[in-house]
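*Asks:* Those protein sequence lines, which keep their order, are chains P and Z. Per full-length UniProt numbering, the first sequence runs over residues 1 to 300. Per full-length UniProt numbering, the second sequence runs over residues 1 to 311.
Just so you know, the hints here were simulated from the structure itself, not pulled from any lab data. Since the structure is predicted, the reported quantities are computational estimates derived from the model, not experimental observations. All residues carry an ideal CB built from backbone N, CA and C; glycine is no exception. There may be inaccurate statements among the hints.
[To be verified] As a list, the in silico SDA-like pairs of lysine to any residue whose alpha-carbon atoms are at most 25 Å apart:
hint, chain 1, residue 1, chain 2, residue 2
1, P, Lys124, Z, Arg12
2, P, Lys124, Z, Pro14
3, Z, Lys272, Z, Ser256
4, Z, Lys272, Z, Val39
5, P, Lys124, P, Leu136
6, P, Lys124, P, Ser184
7, Z, Lys272, P, Asp152
8, P, Lys124, P, Leu193
9, P, Lys124, Z, Arg13
10, Z, Lys272, P, Leu136
11, P, Lys124, P, Ala198
12, Z, Lys272, P, Ile237
13, Z, Lys272, Z, Pro14
14, P, Lys124, Z, Leu17
15, P, Lys124, P, Ala32
16, P, Lys124, Z, Val31
17, Z, Lys272, P, Phe236
18, P, Lys124, Z, Trp16
19, Z, Lys272, P, Pro149
20, P, Lys124, Z, Val28
21, Z, Lys272, Z, Val31
22, Z, Lys272, P, Thr160
[To be verified] Per the computed footprint, the stretches of chain P lying under chain Z, defined by three or more beta-carbons under 8 Å from a beta-carbon of chain Z, are:
hint, region
23, 114-126
24, 134-143
25, 160-167
26, 174-186
27, 234-247
The primary structure of each chain is shown beneath.
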Amino acid sequence: MVTDTRSTTEVVPTTPAATGVHPRRRRRRGAARWFVLAAAVVVALAMLAPFVIMVLNAVKSPADYAQNGPLSLPGSLYLDGIVTFWQRVDFPVKLWNSFFIAGVVAVLGCLISLLNAYAIGIGKVRGRLWIVMLFLLANMLPQEALIYPLFDMARQVGLTNSQWSVIIIFTVVQSAFGTYLLASVLGTFPPALLEAAALDGAGRWRILWQVVYPIVRPTLGVLMIFFFIWTWNEFFIPLVMLTTNDTQTIPIALASLQGDRMMDAPTTNAGALISLLPALIFFLLFQRTLTRGVTAGAVK
Amino acid sequence: MSAPPVARTRRRRPAWLPYLPYLIPGAVGFVLIIGYPLVTNVYISLFSWPGGLAPLEWVGFDNYVALWGDSAFWTSFRNSVAMILAMVVVPTLIGLLLAAVLFDYLGRRFGARVASVLRATYYLPQILPVAVAGVLWNWILNSQTGALNVILRGLGVENPPNWLGDPATAMPSVMLVLIWVQIGYPVVIFMAALQRVDPELYEAAELDGAGWWRRFRAITVPQIRPETFVVTLTSTVAALKVFGPIYVLTRGGPESSTLVPSYYSYLNFFDKSRVGYGSAVATVLTVVIIAVAAVILVLQARAERREEAGR
């Protein structure tokens, strides 16, 4: 839309009447725009500053830090912080745990969202408005109001300290949002496609997988990325449910090291850096899909 | 031609009936993971229970009566107001301004690429796991070895504040961290919203001589009102539920100055072994969240109706 990069006037070139009307005002604005840009860049730098400080100090030795402070470039590359953190939390195990939990939740959550949304959006089951409301409500509930019974239930069925307890919980929680989103998408599904498939003798199950699924696959993709990142970043329920080193996720491992004597400045920063890398890589890989997805949630 | 008879047979057996089985997995999960625990939580709140295998002791509404006189409980909800300020009010206002400036001013003068790079920068803290953001800030704000105070001492400040350790500065520090985390969310949503505003509106306003601020107030703000409501609703709920940042930054301290309801119930569940009391806190929090969400939704519906009537 707004791709006109060089024009100094605000007016789109197709309206010649406006060019040359206020030459003086235009020049003044020409200077103003640099101030506005500078202000926006200052805000951006403020947002980036903690990241920069983290990276600088993740590879700076404690002696260097004591002498030159947090803002200097590291005198030499100091990797002990990274090594200490890596070994201390047994990072590969935590990485796999996070990946496994988030991955399974993303897939199962999408599957249940699709099944629910098929019945609500296309099947138009009675009371669907109430069902959607209920799911939305579930998404708003504080997890504290569920956690103790869930914790107790996990113990009764032998899922104490099991990743499956976390997987089951988040599959339901995430699919509540997924159902809401997908149901509204499927509510506008072209009926002609469904009728044509029904005339060809396809049953409901086949219509779901051969007609509906291929069309909503992009939306499902966005949902899957969302579910993955949300579950990856979750803190409260994994903190309560996963109690030992071999089951915990990355955020829990990092938080549980706080206050530890081993956690000097480089180890803390290296830990934060390593812990955010997977999320960052994931974000960069799917940035386009994601921006589209963030929007999808906002448009009713 | 064959449509009418089909419709007639469908009336006898509703067409939606065969779709019900598709709801079974979702319904079972919902009842098991949301419905049953929620009801059980309210039930537990009527008992005195240390948790685990200990017996439950019926106390009726005693827990709620105790809450009424519990100053920590009131403090936690007062602090929720600060959370709303830091996660809803400030980020939404700043986000609105930033989004409008990026989209309508910088995007036009310096190109869409500049705008999207800035937007990505603002959004960066949003992709951080909250625990990671908390651990990072906890170190930056540490009174002895933290980056901020080392810098301040380097600048000649004798006794820089103990940011997270002093009841006077702990809450403002937590709020600043939350604003930093939160700002990207409204910026991204609002910029996406602005995409669907008809550019001719702006052009017409400009030809009429409306300045940037006039256009911002007369076009941008009203046009993206639906998104503003979505952002307000979702971040208000998130602010009332906030747990991770508090746990990692301050654990509710010092002296309960940053205590929030969710952390208070967690404390009662797993630290003080007062599960019934914790359940009561969680129940009250649930009711408050639903009530606040309902108010926002009603306001939204009313605003929409007024807008339609105005047309």
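*Asks:* Taking 25 Å as the top limit, are the C-alpha atoms of Lys124/P and Trp16/Z close enough?
*Replies:* Holds - the C-alpha atoms of Trp16/Z and Lys124/P are around 6 Å apart, at most 25 Å.
*Asks:* Hinted pair, alpha-carbon criterion (25 Å max): Lys124/P, Val31/Z. Please report holds or violated.
*Replies:* holds (21 Å)
*Asks:* Is the hinted pair Lys272/Z and Phe236/P satisfied, with a Cα-Cα distance of at most 25 Å?
*Replies:* holds (17 Å)
*Asks:* Cut-off 8 Å, C-beta pairs, minimum 3 residues; does the coverage of the region 174-186 of chain P by chain Z stand?
*Replies:* holds (count 3)
*Asks:* Compare the distance between the alpha carbons of Lys272/Z and Ser256/Z with 25 Å, and conclude whether the hinted pair is satisfied.
*Replies:* Given pair Lys272/Z, Ser256/Z holds - Cα atoms ~15 Å apart, limit 25 Å.
*Asks:* Taking only the CA atoms, is the gap from Lys124/P to Ala32/P under or equal to 25 Å?
*Replies:* violated (55 Å)
*Asks:* Need the status of pair Lys272/Z, Pro14/Z: alpha-carbon distance at most 25 Å?
*Replies:* violated (54 Å)
*Asks:* Within 25 Å, alpha carbon to alpha carbon, are Lys124/P and Leu17/Z?
*Replies:* Holds - the C-alpha atoms of Leu17/Z and Lys124/P are around 9 Å apart, at most 25 Å.
*Asks:* Does Leu136/P lie within 25 Å of Lys124/P when you go C-alpha to C-alpha?
*Replies:* Distance ~18 Å between Lys124/P and Leu136/P Cα, so the pair holds.
*Asks:* Given the hint that Lys124/P pairs with Arg13/Z, does the C-alpha gap stay at or below 25 Å?
*Replies:* holds (14 Å)
*Asks:* Between Lys124/P and Ser184/P, is the straight-line Cα distance small enough, at 25 Å or below?
*Replies:* With a Cα-Cα distance of about 11 Å, the restraint between Lys124/P and Ser184/P holds, given a limit of 25 Å.
*Asks:* Regarding the pair Lys124/P and Val28/Z, is the alpha-carbon distance no greater than 25 Å?
*Replies:* Holds, at about 19 Å.
When each numbered hint is compared with the structure, violations occur for hints 10, 13, 15, 21, 25.
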